[in-house]
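2 protein chains.
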Amino acid sequence: SNNEDGNERNHNDEEIQKALEEVDSCQNEIDALNEQASEEILKVEQKYNLLRNPLYEKRNESLNKIPHFWVTAFVNHPDLSTILSDSEEDCLHHLSKVTIEEFEDIKSGFKLGFYFEENPYFENRVLTKEYHLDSLEEPTSKSTTIKWKEGFDLTSTKHATSKPGQKRGTEHKSFFSWFNDHSDPLSDDIAEIIKDDIYINPLQYFLVPDVGVDNGVDDEEGSDQEDETEEQGGGITGDTDEETHDIQNTVSE
Amino acid sequence: SNNEDGNERNHNDEEIQKALEEVDSCQNEIDALNEQASEEILKVEQKYNLLRNPLYEKRNESLNKIPHFWVTAFVNHPDLSTILSDSEEDCLHHLSKVTIEEFEDIKSGFKLGFYFEENPYFENRVLTKEYHLDSLEEPTSKSTTIKWKEGFDLTSTKHATSKPGQKRGTEHKSFFSWFNDHSDPLSDDIAEIIKDDIYINPLQYFLVPDVGVDNGVDDEEGSDQEDETEEQGGGITGDTDEETHDIQNTVSE
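As given, the protein sequences belong to chains A and B, one line each in that order.
Residues in the first sequence are numbered from 2 upward in steps of one, following our numbering.
Residues in the second sequence are numbered from 2 upward in steps of one, following our numbering.
Treat the hints as calculated values from the structure; they're not laboratory data.
Heads up, a few of these hints could be off.
Intra- or inter-copy, both count: the list cannot distinguish identical chains.
Stated by the list, open to error - Below are the DSS-like pairs computed for lysine-lysine, each with C-alpha atoms no more than 30 Å apart in a straight line:
1. Lys-48 to Lys-143
2. Lys-44 to Lys-112
3. Lys-66 to Lys-19
4. Lys-98 to Lys-19
Just chain A, with the same shape it has in the complex (with noise of 0.2 Å):
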């Protein structure tokens, strides 16, 4: 009878809505244990942030001896090489030092900073893009307003000019494009491969140059690192992510 069906689908009803309590409360131990987990990841993270920070200044102190360094481990970067218009690459010459800094909690953001000596180009010494990702705002992006010297403005229509038919993975069109580019904070692929590939070892990129991409050194430059990546001949792949490298054995030879 429809009285009965009524019953046994109230019973049936109350049984299901008892479940759906329990494994909500059920979910609700799961999605606390995550939020603990994420902390206690966090935390670990800082921790190793701090111990990092002083062997990346040391770093720094070491890179700022090498001429060129930072312009041509981009330039050898498969992804990055391909955004670098020549007049980019010229001006990224006079790049001495690259910093990253993580905001206390991580997941907030980071700041890239970029410091240049005195150019022809622009005004600025420091050069900033920073990341604001906390989760509970609009993520956002904003950098440096660049000041650019007259007739070098490298973002004006007669210099951004960027290289044909050598696009791949990236959709930015040239680097001071992406430097002011706020659009897409949260998937910004540039950042990710300066801050998670090139930044954590930017000496495998400066060592081997991408095979078929030209390492952008200029000869009138007399380059002094050309000689040495010469000199070292392959003896450091670059496939180093998981191995230790040994550059004694062949830098010293």
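Got chain A; can you put chain B on it based on the hints?
For chain B alone, coordinates are given in the frame of chain A:
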């Protein structure tokens, strides 16, 4: 003179070589710290996996009391729904339990378990698909050979009809073609959806059908969970990632 130039060049080369060695030594320390950080994070993840497992088991016991829970969650998932053919959807009404086992060192892989009631489609009661992603070896996946009952092989051309025009977010053609596909275990979007999205919190998909997507429950089966869903009337939104679910307030009215 040439001689003086040569001396200066040698001097520079030496300095650069020394700097490169310093950088390399720093880099080794940084790499070691990164390695240490990874290990520590892995230990935290392992610890929380052990804590989560009994909660997942408890959750599975409660989920078992809710008719067609998993098929409803799958069908309500905006991406997963696009690969489910009508026959597969019918077949998944017999899916009673989903499990995920992370291998002990986590990085090395995981195993998905799909438990089925006796059903018209195949003899197996458990279908597993496992991913071996140890970085030292070629990544592989393998899955249970499905013993289809005669005339019910959903991977045969007769049954393998995908929904036209509904595809988005995934390259797989159907659930069982995904299950049998081992071509790219490192970037398996469906495994990722099941493991890192649905399994983490399946209740949100069970409760809230994606707008515009058929919730996939056949009316003639008198589905109880459809009534449940209507009763809750959007009290829990799809945007629950960072919130604590409070089903009590919505279900118990």
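Homomeric proximity label, Lys-44 with Lys-112: Cα distance no greater than 30 Å: both (19 Å within a copy, 29 Å between copies)
Intra- versus inter-copy proximity for Lys-19 and Lys-66 (alpha-carbon distance at most 30 Å): Answer is between; shortest inter-copy Cα gap is 9 Å, intra-copy 69 Å.
30 Å Cα threshold - placement of Lys-143 relative to Lys-48: within (27 Å within a copy, 38 Å between copies)
Copy assignment of Lys-98 with Lys-19, given that the CA separation must stay at most 30 Å: For Lys-98 and Lys-19, the Cα distance is within 30 Å only across copies (18 Å; inside one copy 61 Å).
Checked against the numbered hints given earlier, this structure breaks none of them.
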